[in-house]
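Asks: Take each chain as given, in its own frame, and dock them per the hints.
Take a look at the letters that make up each chain.
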Amino acid sequence: MTRSDASPPHQPQVVLGAVTTGLLNTSEPLPLDAARQALALVPGVRADWRQYPVEQVVSPDLYFGLDCRLSVGSGSQPRIIGTARARAVLTAGHFLQGSARVDVLLGASKRRMPWSHYMARTGVAEAINKAHPADIVTGFLQDRPGKSLLDLGNTGAHVMSLLEEAPQIDKQARLKTQTHKLLWAAHIQDDVELDGHVEAGDDGVFRVQMSTPSELLPDFMEMCEILALHHWLLVALKNAFDRSSRTGLSAERELDAALSYLGHVWNPKAHLPHAMRWFWDALEDAAQLSWEWQTTLTRVRDKVSLLTRKAIEETLLKEVL
Amino acid sequence: MVIYTPSRAGEPPEPVFREHHRGTTAKELSLSHLSVEVGHFYMEDLENGEEPILAQFERLRPWLEAAKASAASGRSKPRVSTCYLIDDYFQSWPDAPEIMEKLLRLSRRAGVTIDYVARESACARRKDGFPVAELLATRLLEEPEPDQDTGARPPAITSGWLSNGRPAREATVLNTMEAHTWEAPLEYGKRNHSIYVDVELWRDDAEPGADREDVLSRRQYSCPFLAAVWQLVRLGLLRKDGVPALEVTDFDGEWKAEWSQFPDIIKVNPNAMPFYAYESLSIMPQNFLPIETAVRTIVDHFLYEQDVVAKLDGRAQQENIAMPAIVSERMSHHFLPGGK
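These protein sequence lines are chains A and B, in that order. For the first sequence, the residue numbers in the working numbering are 1 to 321. For the second sequence, the residue numbers in the working numbering are 1001 to 1340.
Please note that a few of the clues may not be correct.
If you anchor each label on the Cβ, the simulated ranges turn out as follows [stated by the list, open to error]:
1. 74/A <-> 1066/B: 55 to 61 Å
2. 1324/B <-> 110/A: 18 to 24 Å
3. 319/A <-> 1211/B: 43 to 49 Å
These are calculated hints, taken from the structure and not from any lab test. Ideal Cβ placement from N, Cα and C applies to all residues, glycine included.
Looking at chain B on its own, in the form it has when it is part of the complex (with noise of 0.2 Å):
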């Protein structure tokens, strides 16, 4: 064995040569202190009568109104900007134009204004075809076993399901009179209880053995995963190529015949705050409170980009604003009570 111990000389000037590329650089954007989701609806809700549109938004006014006073904005007056998410992804029905001015109008009656308004699709697939959803499946990191994990496993995850533990299961036979020994699920961050979650996140339908294209083409992805990028773009989290996944475009005065040919984030309100933001709120029926629990359970498993975050929170501290490091606490809900 040989041992090398340099020892300090006298140390040459400063580099006179300077050359590093940096492949990807996060875009500074112009940010809100907090976006709102403003209720949501199924398609077929949005296809039936206007009075239960109407008395969602009459529900959620005064929420949006306290939403908008609370918002943490440290020097600065508080910037809210507000937004929709259309669920056309899994229905798809014909008349578009007729359902944005009826949920425009009615919105405009309970007194909430819509600054912003995107497609559950491009949460899959952008307008111009790019998978965005795929950004995300790439940017999950699976909880590593316990005592297990010595970072050898491949983190990329391909079943399509994303859990923040164990499942239940029969354990290891070792006497067949006892068959039925049952090992209870395990949640490896458990506080004494475990709340065992195991969330699908996508189902593929491709043959087996097709190339990716075709396996990207036919996958479909879940309400939460789909629900999990549009929080992430909100917070301005989601980029590529150091811009978000999602762009805005300004409102043309004309709604497409087809959902597919609308733009991914359409700024329906000229005079809005920006889209993005450093916190975002959703507000919507209780019936969402599962799929909610399941979008916070993929946040929680996502990797975001140092320069990304570092940047947002850069901003956040100019503004004095102090941000949670955990991502999925950047995001809250607030439940409407009673029924859709």
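Chain A with its partners taken away, still in its complex shape (with noise of 0.2 Å):
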């Protein structure tokens, strides 16, 4: 006897999503075993990890219902329900981010349904009422703010909290980070190639836009978490040498800091999937990441130089008197 189901699957037609961006809050980075466990945030399901070339560790995937509004630029706000995925991503033990996913399929259903529909496809949200995958792309990623919008931020930050409690952390990281948040959209399209920009907006927030097959979504997003990454890594060093040109006695500690925590990390292409490689190097070509961060760092290093200099003078300068 057989049987089958009566409507065939739906492919979402838009993808959202959020990275937040952090330093985990411990003195010393942590050692691959203590990272595995500390991401292994569902009991009975370990993490997945990598080694070469920088330790990464991904926990397994969260989920969180969601009834609420996406932002348009006209109309009214879409209901969605269903629910988000998001999972921590813990980078050479020391940078970590929370990861937010919700696919979101237009035109399935017209009330909210049993709970279980929604639980036999985790990690898609429905939206009741009509709305265009452009308009949704759009408007999440301007990030207005209202009650009962969206908050995928949030989603990841929720994550990225799951570890303040680790045991294997010891709460005392030396350097003076923010949390940053990059947020994504792609328009899911199977007979389109992979076409799309970043934007940088003027409150700091990368965002990036994709026209994408859906089997390279995920590519997409670890690029995403690569990007949200690198932006960090790059604010935070600036930040330091800013902070240090500031605070006159403690510039050598900022610095020291920096260097220690940051200096030797910088490795976009470490995890970059095959396929983003080229949308990878055409933004380096446009936006220079890469070069900031080596112009950035080569400063902070004559810095320190410089101060140490000072400091040997100084010194000398006391026995000569």
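Replies: Structural data, given as structure tokens:
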């Protein structure tokens, strides 16, 4: 006896995501084994991991119930119901990301269905009002605040907060940093080639917009995580440099922490998916993030050298007197 | 504002280095087409006379035959296994060997073969001490409130209760003259009218501020919660590190004196078809209907692992069996008429 489902599975037309990035609050990077324990956020499931060329541990997906609105440019805000998925990513034992995503399915139902319906397709939310994919992409990336609007940045921040109480961390990071957010939105079109752009907004948030066939979506999402991490690294290093110019006496301490925490980790191509390399190369040509990193790092090292020389000269001078 | 628009250049050849360690991979299982639970008794019923036990097995036998005949098996010969869950969690009497002998003898006399026997206590905590029930407790997702949940609410259930909506409540009193304004309960996924269900999953007896191990050791799970663990184990969906949360041990020919010394699941029929199955059926007296409604409510909030379901569904597809996407549709029940 055989049976078949009444309707074929629908493909989401839009996927929305947010990546929050910050420093894990611990004095030294977590060794790989400790990181794998800390990121096993679902009992009975181990974290995925990679060792070369940079250690990276990825938690299993967590799911969050959604019943909220999407921001759109014009017209009424569509209501979506379902679940978002989010994972924690720890790179080089020190850089923590909460990466959240929801696949939006349009035109599937006109009312809220029994919960089992959504639990059978976790990670998907269904819009119960009419909406155009392009409007949803634009509206989401504008990131307007609103009480009942989808807030994936908060989902990512929640996943990051799950590590605050991990017994493996000592809560004594020596570098001051802020958590950053990157937003991305993909219009899924199976008959198109991957195409998109990155926008650096006035608010310091990078926004990535892409048209992509569905099979490249995981690669695209990974690239967004890599971009978010490296944008964060750049900002963290520049901020430390700026603080060192203002703080006078503690300048050396600031630069010391920045160099020992951040100096060695720039490597955007480390885990960059193969299919995304051309996009990254083109992005580097235009935005030159790696050039900016090298320049900033050189300035930091020059300043440390100058401060060291000054200190030596002062010591010598005291001895002469 | 700056916009970077990359254009596609010549793409490099295939990657020459790959490394990605999957933390957990779902194990392939031997699977029956259907797992049939043959009857259920409270421990006190098993302690009493033999007549009611025999009568229940006799009443369910024709339904078991019907289930075997109608199991969805695609192109293959139907593989059906039977199982029985011993109620040893809430009451545990000392004469385990006599009860097991009686149960198996009476079922045989009624023409019902029991292939596997499992303990309800094992659905809470395995013989090796692992807290199996917590695998389910940490895989339940509460339903979002209409127009309220934007993705920031932590997904964990802390109250020990799970519902399909919002309870009745006193509405906000704006005017003291209308103090008794009442707001009806709401089933979030209702069709026209609500059936609001609120299920107690467990009760915590530990002192406030106790550490987690202490809380778990004193946590008392409800009957529907343990039955939900049982259903998900039979369906091969509840896993620890990729393998089933409860595993099968062959019967070694001797029943231990204490229930707690029994393996988690015992294969009592050496010729039985596999324990785990694509679909499950439970045949039991109709007084268990409310419990099974609660079980379905719990299962409807279960977050399965996508890898696990993909493997099960892939296997089913090879056998030309279409699996329902909704987990609770893989379970069915038959309630026997009359009392227990």
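Asks: Determine for every hint whether it applies to the structure shown.
Replies: Going through the hints against the structure:
{"no.": "1", "hint": "74/A <-> 1066/B: 55 to 61 Å", "result": "holds (58 Å)"}
{"no.": "2", "hint": "1324/B <-> 110/A: 18 to 24 Å", "result": "holds (22 Å)"}
{"no.": "3", "hint": "319/A <-> 1211/B: 43 to 49 Å", "result": "violated (58 Å)"}
Hint 3 from the list above is the single one not met by this structure.
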